[in-house]
Amino acid sequence: MSRIIGCFALALCFVAAATRAMAEPPQAAKKTDEILLIQRERAWAQSAVDRDIALFRSLMADEYVELVFQPATATQQSRWIATTKEAWTELLHSGHEQYQSVELRNLKVYLQDNVATVSGEYSQKGTKNGSDNSSDGPYVNTWVRREGSWLLVSSVFP
28 MSRIIGCFAL
38 ALCFVAAATR
48 AMAEPPQAAK
58 KTDEILLIQR
68 ERAWAQSAVD
78 RDIALFRSLM
88 ADEYVELVFQ
98 PATATQQSRW
108 IATTKEAWTE
118 LLHSGHEQYQ
128 SVELRNLKVY
138 LQDNVATVSG
148 EYSQKGTKNG
158 SDNSSDGPYV
168 NTWVRREGSW
178 LLVSSVFP
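Residues in the sequence shown are numbered from 28 upward in steps of one, following this note's numbering.
Just so you know, the hints here were simulated from the structure itself, not pulled from any lab data. It is possible that part of the hints are untrue.
Said to hold, decoys possible - Straight-line alpha carbon distances no greater than 25 Å define the calculated DSS-like cross-link-like pairs of lysine-lysine that follow:
#1 K112 - K135
#2 K135 - K58
#3 K135 - K57
#4 K112 - K58
#5 K152 - K135
To be verified - Estimated spans, in silico, between C-beta atoms of each pair:
#6 L63 - R106: 29 to 37 Å
#7 L82 - V167: 20 to 28 Å
#8 Q54 - A101: 51 to 59 Å
#9 E117 - K152: 29 to 37 Å
#10 K152 - A109: 37 to 45 Å
#11 A88 - K57: 28 to 36 Å
#12 G175 - L82: 29 to 37 Å
#13 S146 - Q73: 30 to 38 Å
Predicted, not measured: the structure shown is a model, and the values here were computed from it. Note that beta-carbon positions come from the ideal geometry of N, C-alpha and C, so glycine has one too.
Required output: the full structure, derived from the provided sequences and hints.
What follows is the structure, given as structure tokens:
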């Protein structure tokens with residue numbers, strides 16, 4: 028009887044290990060995704076500088092939204108400003124928003140199955156509607172894998 032229980036416990040351990048192995052991506056696949064996501068981060072930033080609208084749009088999901096925090100002023104409460112893929116693309120396409128440079132630093136990828144969060148720091152030099160739009164700080168991008176391709180679904184600039 029104890030031999031049957033021992034075999035059952037051993038089989039249960041194998042099932043648990045196999046289930047865990049299926050649930051977690053192999054380390055090599057995880058590293059490949061991390062490298063690919065960082066490459067896509069950099070390509071997306073550079074496409075804004077180059078005004079490569081086709082590439083800029085192709086890296087974003089249709090439901091993409093950018094959230095930028097605006098601190099309180101003497102006349103206005105703090106708030107989040109949301110910009111859609113269509114609105115941002117139009118700003119770039121029309122030339123109302125232009126970037127001379129965008130640099131990304133200290134990128135870190137956090138993978139959860141088909142969702143990835145990339146955090147980092149950015150520095151940008153550019154203009155929006157003719158006014159200086161240069162800034163730097165932390166940011167967070169969220170990517171989803173759809174049909175084998177990573178697409179950017181949101182950016183947050185606190």
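We went through each hint and held it up to the structure:
Taking the CA atoms of K112 and K135, the gap is near 24 Å; set against the 25 Å cutoff, the hint holds. In summary, the hint linking K135 to K58 is supported, as the alpha carbons are separated by about 12 Å, within the 25 Å threshold. This hinted pair checks out: K135 and K57 have alpha carbons roughly 13 Å apart, not beyond 25 Å. Taking the CA atoms of K112 and K58, the gap is about 28 Å. The hint is violated against a cut of 25 Å.
A distance of roughly 23 Å separates the Cα atoms of K152 and K135; the hinted pair therefore holds under the 25 Å criterion. The supplied range of 29 to 37 Å is met by L63 and R106, whose beta-carbon atoms lie about 34 Å from each other. The supplied range of 20 to 28 Å is met by L82 and V167, whose beta-carbon atoms lie about 22 Å from each other. In this structure the hint that Q54 and A101 lie 51 to 59 Å apart at CB holds, the actual value being about 53 Å.
The hint said 29 to 37 Å for the Cβ distance between E117 and K152, and at roughly 21 Å that hint is violated. Between K152 and A109 the CB atoms are about 24 Å apart, so this pair departs from the stated range of 37 to 45 Å. The supplied range of 28 to 36 Å is broken by A88 and K57, whose beta-carbon atoms lie about 22 Å from each other. Separated by about 18 Å at the C-beta atoms, G175 and L82 break the suggested range of 29 to 37 Å.
The given range of 30 to 38 Å is broken by S146 and Q73, whose C-beta atoms sit roughly 19 Å from each other.
When each numbered hint is compared with the structure, violations occur for hints 4, 9, 10, 11, 12, 13.
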